[in-house]
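K.L.:
Please put together the full structure from these sequences, using the hints given.
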Amino acid sequence: MTLNLAEYDVLVFDIEGTVCPISFVKDVLFPYALEALPKVLDQEWDSPEFAKYRDAFPEEYRNSRPDLEAHVRDLVKRDVKIAYLKSLQGYLWLQGYKSGDIVAPLFPDVDPFFHQAVKDGKKIIIYSSGSVPAQKLLFSHTNSEKSDMTPLIADYFDTTNAGPKTEVDSYRKIISSHPEHKDLGRWLFLSDNIHEVSAAVEAGIRSVPVIREGNAPLPPDNPLTKLAISEFKHSEDA
6 MTLNLAEYDV LVFDIEGTVC PISFVKDVLF PYALEALPKV LDQEWDSPEF AKYRDAFPEE
66 YRNSRPDLEA HVRDLVKRDV KIAYLKSLQG YLWLQGYKSG DIVAPLFPDV DPFFHQAVKD
126 GKKIIIYSSG SVPAQKLLFS HTNSEKSDMT PLIADYFDTT NAGPKTEVDS YRKIISSHPE
186 HKDLGRWLFL SDNIHEVSAA VEAGIRSVPV IREGNAPLPP DNPLTKLAIS EFKHSEDA
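Going by this note's numbering, the sequence shown opens with residue 6, and the numbers climb by one from there.
What the hints contain is simulated information worked out from the structure, not anything from laboratory work.
All residues carry an ideal CB built from backbone N, CA and C; glycine is no exception.
Straight line, CA to CA, 25 Å or less: simulated SDA-like cross-link-like pairs of lysine to any residue:
id	residue 1	residue 2
1	86	199
2	86	33
3	127	186
4	57	145
5	31	164
6	141	198
7	86	43
8	187	173
9	103	58
10	141	101
11	141	87
12	44	55
13	86	166
14	151	105
15	141	112
16	151	120
17	86	181
18	238	123
19	86	27
20	187	120
21	128	180
22	103	51
23	128	26
24	238	9
25	151	26
26	82	33
27	238	120
Using C-beta positions, here's what the derived DEER-type ranges look like:
id	residue 1	residue 2	range
28	189	222	22 to 32 Å
29	153	236	20 to 30 Å
30	178	78	30 to 40 Å
31	238	69	46 to 56 Å
32	113	69	42 to 52 Å
33	49	225	44 to 54 Å
34	99	78	15 to 25 Å
35	113	83	28 to 38 Å
P.N.:
Structure representation (structure tokens):
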């Protein structure tokens, strides 16, 4: 299945498993943050810059380096998506991106599709469980010919400024942030998670699931699965 860009004004993209492999987050970003954490805790614990990340943690963890580190490792192990962890991870990834140790491996179809969409006057929005600063870091350090893709992106949302991705109200909040686009039928949300796709549809916008290598299989009994796409490709015949 391909997409006809003429049918949409706003394209909302998930990140993990949609524009880049799930393995990048789980096998590169998460381990990098855990590896960098002890040194950062040791060297920056009392620095004003780090304090805002430390102090966002619950009180029982922010008063002790070992307690905070143990809590972070536990949250990552359990894949808990919580705002204060996401913010800290973004801070830890910053140096990795700056040094070139981390480069976001976007799928090959993402760059040309984003450029085509913007050329055609479409608005691109990112909505991910990763914090907005982490999203901006990722899109400013990609494997595309021009590594910084942030000029193509109009807005960013996460679980803090929108809400959990499986809740309908989160999508309504994103929609309300762009009141100039009143026709919900011209919005499209793309994600590898069928529950997120369902929530977006319930909010009134169009949505299709994305199949990528390494993703979990979509449930065969869900009608939305039949709409799934495996690449971002524009076609006027779609």
